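Listed in order, the protein sequences are those of chains A and G. Position 208, counted from 1, in the first sequence is what the working numbering calls 208; the numbers after and before it change by one each time, with no gaps. Position 695, counted from 1, in the second sequence is what the working numbering calls 695; the numbers after and before it change by one each time, with no gaps.
Do not rely on the hints blindly, as some may be mistaken.
[Unchecked claim] Straight-line C-alpha distance at most 20 Å; calculated PhoX-like pairs for lysine-lysine:
| no. | chain 1 | residue 1 | chain 2 | residue 2 |
| --- | --- | --- | --- | --- |
| 1 | A | Lys390 | G | Lys145 |
| 2 | A | Lys613 | G | Lys505 |
| 3 | A | Lys462 | A | Lys495 |
| 4 | G | Lys647 | G | Lys628 |
| 5 | A | Lys635 | G | Lys613 |
| 6 | G | Lys145 | A | Lys388 |
| 7 | A | Lys635 | G | Lys450 |
| 8 | A | Lys145 | G | Lys390 |
| 9 | G | Lys297 | G | Lys450 |
| 10 | A | Lys145 | G | Lys388 |
| 11 | G | Lys635 | A | Lys613 |
Note that these hints are calculated values from the structure, not bench results. Nothing here was measured: the structure is a model prediction, and the numbers come from that model.
There are 2 protein chains.
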Amino acid sequence: MDKIFYPENLLVVGISENPNNLARNITENIIKYGFRGELQLLGRQPGAFLGHPIYTSIRDLKEGIDVAIVITPAKTVPTLVNELGEFGVRHIVIESAGFSEFSEEGRLLEEEITEIAKKWDIKIVGPNCVGIISTGSGINTVFVKYEKEEVKTGNVSLISQSGGVVLTIADFLSASNLGITKAVSVGNKLNLKEAEYLQYFQHDETTEMIMMYLESIVDGRKLVENAEAGKKPVIVYKSNKSQASAEIAKSHTAALSNDDQLVTAALEQYGITRVYSFREMINAGKGFSLPPVKGNKLAVFSRSGGHGIVSVDVASELGFELPEFPDELIEIAKPFFRVNVIDRQNPLDLGTVFNFDSYPIIVEETIKIIHPDAILLIFNYRRETHPKAKEIALQLKEISQRYQTPIALCYFTEMDPILELEKEIDFPIYTEVNDAIKSLAYARNYYQTKLNRSLYQSGKHKIVISPMAKQNVQRIIDRKVTNELQIGDVMQICKEYGLPVADFKVVNSADEAINFAEEVTYPIVIKVAGGGSLHKTDVGGVKLNLQNRDEVTQAINEISSALVLHGITGQPKFLVQKMLTGGKELIIGGKQDTAFGATVLCGLGGIYAEVLKDVRIRLAPIFFEEAKEMVTSLKGYNYLCGVRGEKGTDIDILADSLTRVSQLMADFPCITELDLNPVLAFENNAAIVDARMILQ
Amino acid sequence: MDKIFYPENLLVVGISENPNNLARNITENIIKYGFRGELQLLGRQPGAFLGHPIYTSIRDLKEGIDVAIVITPAKTVPTLVNELGEFGVRHIVIESAGFSEFSEEGRLLEEEITEIAKKWDIKIVGPNCVGIISTGSGINTVFVKYEKEEVKTGNVSLISQSGGVVLTIADFLSASNLGITKAVSVGNKLNLKEAEYLQYFQHDETTEMIMMYLESIVDGRKLVENAEAGKKPVIVYKSNKSQASAEIAKSHTAALSNDDQLVTAALEQYGITRVYSFREMINAGKGFSLPPVKGNKLAVFSRSGGHGIVSVDVASELGFELPEFPDELIEIAKPFFRVNVIDRQNPLDLGTVFNFDSYPIIVEETIKIIHPDAILLIFNYRRETHPKAKEIALQLKEISQRYQTPIALCYFTEMDPILELEKEIDFPIYTEVNDAIKSLAYARNYYQTKLNRSLYQSGKHKIVISPMAKQNVQRIIDRKVTNELQIGDVMQICKEYGLPVADFKVVNSADEAINFAEEVTYPIVIKVAGGGSLHKTDVGGVKLNLQNRDEVTQAINEISSALVLHGITGQPKFLVQKMLTGGKELIIGGKQDTAFGATVLCGLGGIYAEVLKDVRIRLAPIFFEEAKEMVTSLKGYNYLCGVRGEKGTDIDILADSLTRVSQLMADFPCITELDLNPVLAFENNAAIVDARMILQ
């Protein structure tokens, strides 16, 4: 992909002498941005533009073209791509619109192009995009006039599904301390998709972090795995969350919508930062431009008490701790204070410190003495103090780098000078307390997740499933009659994977059921175990709390008659289970998602999951610790711990079960849906009471 | 209060010739900001500053001082205030710190000053503040050097509990289209509190909206009522939300913390906009600077498809509807489009419209044809288009005002020129789609709440409590033995207020209980009804599901014995109730809050309220419609409507009950706590099953 971002030989296709021609803007931008390689132009009419001749035939061009940038009507593109392929071009940026985002006809054109691209092994950026910006090689292929000064060179690489959004994020980046190294507008993602760009940027030396704007995620699994494999923070702004936006997005970049809850879960799980606005994106980026935030210990200094209070609210919301300052530090700070009594409170109120030169001293001593995970300095000042504020910012930047301690500077004064300052000194300056702390929190969450996941890898809680168990499950799956497995088979699969199932047996007669009941002791439950799509409760196929052999016999008879009534013939089978009571209900489930693959879910049972949507989702498989986090982060978690003097439940067993279910889902992609509902949780154990499984 | 903001005669107290003296900054600021009245200076040493003599004795001053600004050590302030009072000064701004925010000694000084102020009828701003800014009369009493150009004159009045925050909000306002007319830093709020300033600004002609930063709310009831009485939007940023911040706030402006959930609820109820950051505050203000947003119908135009999709996500989250555009409008727009096929989708994608002059035309036609409640135009452009973008903004400003239709302009280009543009044209320019729509939503919520509350006033659902019922309740309260009323009395009070209580009777013997049971039919419940602080269940004082006279007799005997065992003597009383089953559990409650007075609460029963905190709170009394909104906005509301084929419950009866409870709480402030738990809701009725009431 280096060829795309560092080409030596460029071709612009679609240029004309019409002043409104968009290829002219592309050409002009490429020249303005300082591209030093060979630049050739191709159009329908001969001529020249900015000293470059316009050729009308591919055969007239010099060979060795690294990248062709195409902006011609959609219907001309397939032929063009074929000719370019024949001529040896292997990278084409198609900026033209009018493809799958526009019409069925356009979609067919895309299919044609894909075939041709396959034939010549061509990598395509777009179509329906604004192409690329690569500040290192002086390239900007955007089809509107774009001054070089509008883009600030920096360390961020940008992947965007919308061309307009590339420009917007570039504007935000250029107004911050960050700047851009590379940007790509992926458009309809014909063969190069977000995950491939991501992988390239992960290895690109000029890239320090990656930002993505996406309207759809096609291969979510590859995306999160690529993100995790790399060493760079990835920030994702995923729009098209709502039902309302799905229709619009389809006609914009042919984007299909994803399950948004799953997107959030998957990104969180893999340490990818999800943001919900452009400003938040930049704010997260600023956090990553500081040294790593490795924990929650925050030291705050504020010249204004009010801002200090705001910082405490935000810090505690975001899980930071503000330990009191020790005497040793207070003694060092004291001489700078006008009043001789300093509160050791954190935030330290600098209201009576008028010697601003003391700020870097106090901050440096703080780092040396208490080793905070991050520092926040809130400084509000008026115009005459601005030069001093700049000096302090530079000193703190240096201290931050020297001690590898993140220092968030939150400055409050007239807006213009601060915004200027940030660009000037290449160090983040926050203009809102919330931003500053949130920015640190983004970074902390990233480093924390990265560390946790690497610890889990070597963790003691590894789930090992024997090859024998897997074979057994495969055998059960192979002999399926309908896509919905019979309950006995589902229970057996669960058992193979070490899941706690209520004692059960599949029987053919009342006698067998009675034998089982006397073995496990009454009461028992009987469920019809036949026919996949059969709704057990609809046909009266579930009998609870059977206390003796008479009740068992009657139950079997009733179910059998009901089946006949519903026109279901053949020898029925019954699942007999030990009847369990008193536990707390949970649901554990799994699904295959088209974008992300196997997933696992847990929630409290009954209306908690259904009405209150109190569920947690993760991509499967998960680590035991992640499973535990899923359970403990349920809003209703306290209920599992026991309220009003009730006994709690065994969270480890639940977490273990979740982990096993996730492994099952990952091992057998043919299981499209698994629903263990309810799972009863008790003080020292748990039991799956009912289960459904749908196969492909 | 006019005297404070439009004084003709000012005195600054505490000036000296020391260049670090803060009173010098105050004086300099007042002169710089163009104050035209009489300005006198008082200090301990004679001298002069900027042409004004420094007097050393109050007697040497000219009389008729409207406002004295004091910045002398705390301990000198009481004597000074007394002397100034004697001299006829009736308004004093005390900027000095070192009072209740600092020490017990300081708190005593405050008490002394309060007494003196009462004696002379002096209104005090502060202490521990930066005083006032009044752009209309050229006053800025902030004690740091402050250039006139740093403050933009505008229509916002600002009340802030923190001096530092005054400056910050002023900076944000000055960087926006809004600007400031008046600002006051209220400090420790000795006798002038937020509600009084609010009332003044409501009547101040130059004020169009009011912003408040508060760390504590002392008289919340007065605050919300004053806000509602006025015709101007009020925006509140209330910090000090967390336990962690409470300690810090106390030492900052002696602020005590409020119940934050109640603050949110009260502000929402009375149509006050609550924000959580400075930027959000300005963003809300921008929304109020547009013509009123009166509904949810939003028309969106976007030059970039990506931004359009973002807008749909945000709009649907915030409850806006984006109706398709009608043919009539599309026909008018079509000639401006490069392609001849336009989707009627809303957002309308202006991607192929290159004649930007068409924007105002399309917008105006949209207003004429579909009468949207608001319009959002998203325009991303590059540098060369900026002059045109400005022209369009001015045209749209004019159209917005002419048609009284709010138009949110969301511009994306380089940051600096947009920020400049907004100030220049005095019209909001948003730089983030979220901001633009959220800004409209703030305004919509305000106008909607205002309208709703005025409709409710004349509503048909008014609760009328007879004077007789009130007298009966008063009688029950008057004969209280302990602060916790006996359950029979609580049930009786509920009945007087028309609340649905399960049939009950207070009896002395098993025979009486049996008589009652045979009247209402078995099963019944018996509860011990004596002794306020008695925990019924602890002493085995509750017997459920009694089916016949034997069980009743046994229950009465058991409870009686249990009471003796627990050392409770005397003739016990029993509450006998019809046993109800099968309903859905709710809790309804009320509390007196020190800041806001009577409140009412509802939530689902059991762990919903307890574990999931799914409760809604309002200030009492409420209107029926508000009660209904409380119930329907519970997260678990769907449960009340019936899930999995269950029957729903009568929401109107629940709302009526809530309304009556709120009236009871408002009528009897001596009821500090009322807890109806559970209230059982059925398909066509409801019943209070258990109740607790604590009196003052």
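Verification of the hints:
| no. | hint | result |
| --- | --- | --- |
| 1 | A:Lys390 x G:Lys145 | holds, 18 Å |
| 2 | A:Lys613 x G:Lys505 | violated, 42 Å |
| 3 | A:Lys462 x A:Lys495 | holds, 18 Å |
| 4 | G:Lys647 x G:Lys628 | holds, 19 Å |
| 5 | A:Lys635 x G:Lys613 | holds, 9 Å |
| 6 | G:Lys145 x A:Lys388 | holds, 15 Å |
| 7 | A:Lys635 x G:Lys450 | violated, 34 Å |
| 8 | A:Lys145 x G:Lys390 | holds, 18 Å |
| 9 | G:Lys297 x G:Lys450 | holds, 18 Å |
| 10 | A:Lys145 x G:Lys388 | holds, 15 Å |
| 11 | G:Lys635 x A:Lys613 | holds, 9 Å |
In summary, the structure is inconsistent with hints 2 and 7 from the numbered list given earlier, while agreeing with the others.
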